[in-house]
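For chain W, the structure is supplied; the task is to place chain B on it using the hints.
Protein chains in written order, with my numbering: chain W, 1 to 606; chain B, 1 to 606.
What the hints contain is simulated information worked out from the structure, not anything from laboratory work.
There's no promise every hint is true.
Copies of the same chain look alike in the list, so a pair counts if it fits in one copy or across any two.
Unchecked claim - The calculated lysine-lysine pairs, modelled on DSS-like cross-linking and capped at a C-alpha distance of 25 Å, are: (1) Lys-250 x Lys-331; (2) Lys-585 x Lys-491; (3) Lys-147 x Lys-190; (4) Lys-586 x Lys-504; (5) Lys-516 x Lys-330; (6) Lys-331 x Lys-516; (7) Lys-330 x Lys-178; (8) Lys-498 x Lys-586.
Because the structure is a prediction, the values reported are computed rather than measured.
Number of protein chains: 2
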Amino acid sequence: MPQYKAPLRDMRFQLNEVFDYAGHYAGLSNGGDATPDMVEAIIDGCATFCEEVLAPLNLSGDQEGCTINDGVVTTPKGFKEAYAEYAAGGWQGLAHPQEYGGQGLPMSLNLLKAEMMGTANWSFTMYPGLSLGCMNTVFQFGSTEQKNIYMPPLVSGEWAGTMCLTEPQCGTDLAQVKTKAEPQPDGSYKLTGTKIFISSGEHDLTNNIVHIVLARLPDAPKGTRGISLFIVSKMLVNADGSLGERNAVKAGALEHKMGIRASATCVMNFDGAIGHMIGEKNKGLEAMFTFMNTARIGTAVQGLAHAELSYQGALPYALERRSMRALTGKKDVDHPNDALIWHADVRRMLLTQRAVAEGARAMIYNAAMLADHMVASVAEGDKAKYEHFDSELGFYTPILKGFITELGLESANLGMQVFGGHGYIKEHGMEQIARDARISTLYEGTTGIQALDLLGRKVLLQTRGKCVMSFTNDMIALAKPHLLDGGPIGKMARASFKRAVQWKILTVRLMLRAAKDRDVVSAACYDFLMYSGYMMMGHFWLKQAIAANKGLTQKGSESKEFYTAKIQTAEFYFERLLPRADGHKKTMLAPTSSIMQMDNNHFTFG
Amino acid sequence: MPQYKAPLRDMRFQLNEVFDYAGHYAGLSNGGDATPDMVEAIIDGCATFCEEVLAPLNLSGDQEGCTINDGVVTTPKGFKEAYAEYAAGGWQGLAHPQEYGGQGLPMSLNLLKAEMMGTANWSFTMYPGLSLGCMNTVFQFGSTEQKNIYMPPLVSGEWAGTMCLTEPQCGTDLAQVKTKAEPQPDGSYKLTGTKIFISSGEHDLTNNIVHIVLARLPDAPKGTRGISLFIVSKMLVNADGSLGERNAVKAGALEHKMGIRASATCVMNFDGAIGHMIGEKNKGLEAMFTFMNTARIGTAVQGLAHAELSYQGALPYALERRSMRALTGKKDVDHPNDALIWHADVRRMLLTQRAVAEGARAMIYNAAMLADHMVASVAEGDKAKYEHFDSELGFYTPILKGFITELGLESANLGMQVFGGHGYIKEHGMEQIARDARISTLYEGTTGIQALDLLGRKVLLQTRGKCVMSFTNDMIALAKPHLLDGGPIGKMARASFKRAVQWKILTVRLMLRAAKDRDVVSAACYDFLMYSGYMMMGHFWLKQAIAANKGLTQKGSESKEFYTAKIQTAEFYFERLLPRADGHKKTMLAPTSSIMQMDNNHFTFG
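For reference, chain W alone in the conformation it holds in the complex:
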């Protein structure tokens, strides 16, 4: 069973040497409190909490799952106490305004927290995670009164929150939402309808749960422009903030899921539940999209988390378990067979996991800084700045969410593969990681939806390719000073440079084709997403390698081994993972007829 240990050495390397987080915080309007000492204290404290409190509940939480009895949901043993400790530690309000009881720190610290918590116990992390979505909505769209009522207990963690979007007939296609909101004489609304797949919809961790609900007014236009947002709390809230009666919203059932079994996924029945409109009438869907970028980066973290955890499980097994001899002869001469790690194919699997986890970490830490700027600009009331960073982040988001979760899932499966048949046995905990990871490419928009968002919306519609041009310019700028370097850095820099040019050309070719044949977008988007992911991860691996090389050449470096292994992992990425992009490149340029020509009725013959 993997024993989670926060990878502090790598986290610090990335924060301080790959990126300049100290400088970034210093330049951020709400970053003043995020001094290096404070950041260290947060990381250390969070690591301890995750290793000692959350990680031990991961396997037992999966085994026990959640139970429901007449609408009352019980979380697995230990979750309630862990949540209480989490709330008492002030962790929920880390990046929320001090006026509501938070610590007002930059939101990137929330992502670091989510990374550690999610790796230790993804199911647990979803409870406070959904509250964040709720809090962000109330904070950005709520009235002053609504904020004063709902924010303090949400920020303290005393209450939890959810996002109620999906209905039985629609997930991605929220234009089809049917839940009704009938206006009442007192200005409130009565909501009636069924929501499904509601994470944390009901549980025993808090005494109140605040639902953000998408619903339609009786006179609302059809489709996306007729959806409004409502606050519906489990317990009605009196004007003074105290709890009133039970509202008519109830968990009808828990879903039986492949994984994240300790996370309560509820069918929520609204039966004339009293709610309050939040934000503008009929503009609910727009408001939801505001948080899409940050929510999706939060899900990208799951890819990193499960690659990391599966690696942490597989590595000690590969060091201890023995089988056969390495092809190049005896390695562990005192034993009749060699440790798995001596076998090149096992090393290939471990290094894939490591390259994915650390590559994803760099991609996410980079995006987190953009998110910091975006959040800061809201507080600053600087709309132009907000839109600039939102647009930039918008390019990263589908790549991070789509690509990192796909590779996280692959890495989780490789961890099972290192264990051989034992990987399939529940007690070892490796198959749980693969089951838990499996949801990440499905929720918050499937990989296919991310791919359409990237190629159709972000690249073609919104920026006409400029987002790719801008990022590839960054790739070139990073690589250029190292093109003539000897050794691995020079080799990787040249490869990255060439790839940047290739990506530019490819994007232009796709744009030209899409102008003639609209099917190109949907037929090519998956391969374009994966291709873009490999390119972007390559860029951030080069960035890590350059930083490691710098560390290596500094006199008296005490971390020589760390830096060397870092460069070696980068080499592995460039030699063994990046070439996968070639298959995607060829495929995305294939004629659309190979996908589109088959008659819908000819997919099968009895």
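Frame of chain W, contents of chain B only:
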């Protein structure tokens, strides 16, 4: 929940039009009874049994699982009755000699049977499947007396069998087997030891279970050359074949597994159990390897099965479920949104599943004919013929097992992906397919072991590349007459021709490198396996397309739609799946240092 329907149209197409099974059986020494009418009757009867009896137990079997109580294992509801029907139908002895009560038909019919049964219910199919391994061992290595005692009840299905190889300290590395066999004065042995991961080790389907056990004599040499085979039956068998007392072999526990939950995977404790040696002393491991090829092709069937079943689940959902509009505008004009199947990215996933299932079917049906010849040559006592076919099959085996199970797993996951979030919910049955499929790349030798077997043993050691040269010559011979054809056939033939030449060159390059650097074999083998799989599947897709084209050009063809869709699926394969080989090609030629250079202690830093 997928409703299994045997894909008879495609099975018949492959048997009669892609391959000439009628001609094949006519030329086989034990093929006389396998007339076209007989084959049709077997396929039809088996399809009905699978659709009506086995398929309905698939989801319930997973939900219920097996239970153990003081060594007594209970299978899920309905399994016992289904097994009784299976045995009564004479299905178990289909391809076993008539002198022991079987039908004496070619073994390829067993693979067709396994394909249908396994797709309908893989867990169930493992019970009779393990018996086959046991029967084959007794038949090929048992004394006349042993055969007379054990074969009739095994062939009738009255008894079941197992293979007891794995122990806690060793799976792949069977040289480390520790179970002891002490000779007794009466010529029998007493076996003591623990075996794990024993499929069908204990259950309630039959009144006796015959275990084939790997164990060591007290004076046995260390390692692989000191392992012998023993028959240990659950109930001791009297000389007249009647059942005697309970033997000292007992299931100690059931493994808790990710999937195939209705298959009883047992820890088997041998506590001085009485056994009889089978075959030659100390040559047990060699004997085991005799069946490796056929057993591994049996596991390759699992890749086909789960690709097919997941496709059968995903297709109706994609036709019915609606979401958004297709990018090229309204398709289902009477609805506010279009069926999923109109979205190119969904078509990509469905066509991948279909291309994998049908491509794998062709690969397996081809190998099954070689297996027929191999089995026939045993009966004929023609050792040279046996070795010829064993060697030829030996090249196909790791590719089929390794590649098809990897793609089957991918296809099972794509089926979940088509369902979106609903794919994660147990009731739909799609996640079960992914969990069941997950074992296929782990057991019967992991993908890494298949890869080493292919590149290290079959290509380099045993044939010095000749197996690749021979297969690529077949590719060229198939493609050559069509190189100048217009339309898709010509295009695919030219692609296959080029790929054959590329594969030849690549193999030579790898051989030259491996001669200098032994790490090449282990570092490149995974990519070589996958590359080879894509090449081979391409060849068999071209073969299908040519056969479909022939059908299409025949006057008055009533299956025009079928043939057209078949060629379109082939095109999809060539345009969208085959290009993945490029990534594998580049990766396998990467320097081994990118995998080998990292110090074992530098894989992680605290």
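Each hint tested on the structure:
no. : hint              : in the structure
1   : Lys-250 x Lys-331 : neither (61 Å within a copy, 38 Å between copies)
2   : Lys-585 x Lys-491 : both (22 Å within a copy, 19 Å between copies)
3   : Lys-147 x Lys-190 : within (21 Å within a copy, 77 Å between copies)
4   : Lys-586 x Lys-504 : both (15 Å within a copy, 22 Å between copies)
5   : Lys-516 x Lys-330 : between (60 Å within a copy, 18 Å between copies)
6   : Lys-331 x Lys-516 : between (59 Å within a copy, 19 Å between copies)
7   : Lys-330 x Lys-178 : between (67 Å within a copy, 21 Å between copies)
8   : Lys-498 x Lys-586 : both (16 Å within a copy, 16 Å between copies)
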